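One line per chain: the protein sequences are U and H, in this order. First residue of the first sequence: 1, per our numbering; consecutive thereafter. First residue of the second sequence: 1, per our numbering; consecutive thereafter.
Honestly, I wouldn't trust all of these hints.
Since the list gives no way to pick one copy over another, a pair counts as held whenever it fits inside one copy or between any two copies.
In silico lysine-lysine, DSBU-like type, Cα no more than 30 Å apart, as pairs [as the list claims (entries may be wrong)]:
id : residue 1 : residue 2
1  : K192      : K4
2  : K332      : K15
3  : K209      : K297
4  : K4        : K145
Please keep in mind that the hints were generated in silico from the structure rather than gathered at the bench. It should be emphasised that the depicted structure is a prediction, and the values quoted were computed from it without experimental measurement.
2 protein chains.
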Amino acid sequence: MSTKSREIQLVSRPKGEPAPECFALVERDLPDPQPGQVLVRNRYISVDPYMRGRMNDVKSYLPPFQLNEAMTGGAVGTVVKSAEASLPEGTAVLSMYGWREAYVSSPIGLQVVDGSEAPLASYLGALGVTGLTAWIGLFRCASLKDGETVFVSGGAGAVGSIACQLAQLHGCRVLASAGSAEKVRFLEDELKVNYAFSYRDGEPADHLKDGAPGGIDVYFDNTGGPQLEAALWHMRPYGRIVLCGAISGYNTPVPGPRNLALAIGRRLTLRGFIVSDHLAEMPAFLAEAIPALQQGKLLNRETVVEGLENATEAFLGLLRPGDSHVGKLVVKVS
Amino acid sequence: MSTKSREIQLVSRPKGEPAPECFALVERDLPDPQPGQVLVRNRYISVDPYMRGRMNDVKSYLPPFQLNEAMTGGAVGTVVKSAEASLPEGTAVLSMYGWREAYVSSPIGLQVVDGSEAPLASYLGALGVTGLTAWIGLFRCASLKDGETVFVSGGAGAVGSIACQLAQLHGCRVLASAGSAEKVRFLEDELKVNYAFSYRDGEPADHLKDGAPGGIDVYFDNTGGPQLEAALWHMRPYGRIVLCGAISGYNTPVPGPRNLALAIGRRLTLRGFIVSDHLAEMPAFLAEAIPALQQGKLLNRETVVEGLENATEAFLGLLRPGDSHVGKLVVKVS
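Sequences are here, hints too, so could you generate the full structure?
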């Protein structure tokens, strides 16, 4: 007895901004799980800017998405049919089988999560790879110290909003930027960062001067582009720049920072990283994050889009300047 | 009884490429040394690209040169009159009192050097701050490992030529660039690097692909600009870029590297440094460098310009693309 599952496939590769025509919603029949397998129905899937890179046919740290196959990404779901004793029906699991309603898998690649400890979707956000990304960037790449001044671009986004909060939990002064009024309000009213601004409103460098007259110790860069250049002007000696994302250039090339040579005299370090190198640190991160979430000190702010059929538009929106999705964007698929 | 000394003063600040009119050769009368002081006659003075930055009236890691005062910089000389028992006549000393024929000083700021161990001028080059700069960059900033592939831009320059050789002494494969045929010949014939090229001849990125098909582990950046961008294309995962100098942009601004976001997926680290933070490591460096120099494994290649009156033109040339000064540029003043 087969199971119907809809999935979103990549059907053509974009040049520049992706169009809806690059994607197709396809219905497939899934076979019943064979011995040692389970059938999982996804509850939430993750939609992230880094996926733009995988749409290109270039070798990178992750292989490109294959044409005419379902895209992949973080997903949390529930086992609905089991032929594997270690994963009984009802078990909640985290996987990379996103962009689809259901899938059949062996236990390899599935991670059991505890839905009683925190809402399931939070394992895609604050308690997932998203949160770990913020934590690794701040504490492993930038060696953030309590009380330092931190600037987070894309501060209202999935990783950025966690980075802001983790820095605040460590007594840091936090500046954050975003690209819409709604996001700036979120930064001010919900995250209560010390200084929030829209990078589309005035010069980022002027905002940084206002918000951090003494300079920035750590810049958590989710955007690249003009904000990276602005941050370089305002870095303090021995400052650290974490290169986490470069969304400003994902669709179209942007100029490089003309002032990178400042890094010499100011002894700056810029470090790029990929969270998948650091998954072994997930327990250390969760030991800090779960209590903080349970005590209300760490907010897993989400934007929830309903229905797999709306995932593509949500993803395309995420890449547009001025996008209004606040926090972690998840698509509720069941 | 006073002593005549000529010195080169900065008399106006340049915009862009400095003109000879920014400098003036001025003769002064030096008083006899007071008790606790010595009169030193410089033998060699150091002329370095970093001095261009000090001609601007901007706060940086070193204060700007003052107008109508002698410029400063590395110098090695001999005590010719002493009123200080610790520094008898004939003692060779290293100082920052460059750009002048003679000076009066207390022992503070003077470092005794042993002219029997190595030629005096080598304390401005391979055995001086120049050599230490190369060593700190490679081993402290880039954590160079034996056998890695290293690219050194400005490889025929003072710091670059030492960086090439230190990397070779550690069994590394070395690529080096320069801006003139004479310098490329030096890299090939004297330093015997694995691959030398002129950055003005073809695309640097193509040269790097030819010279390091497997990619670059460490890029020692003396130039910034197009060579930094080219190196970024060819860095291997987990590569390190040492930001030591950015001579391509000292006189006129250059675009930033448009591909800096590659640092994310490739987990690159870019680190700027200033050698004066690391002077305490000089003994560790010399323990490696002095035997290497004495055994002929480390060449202190110099270009010697005769006469203080020619120092300005030598300095201006150093900043020009295609400049032909090979190795460490020193001016012999007596």
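Exercise. Which hint numbers does the structure go against, in order from smallest to largest?
Worked result: Numbers 1 and 4 - these are the hints that the structure violates, sorted from lowest upward.
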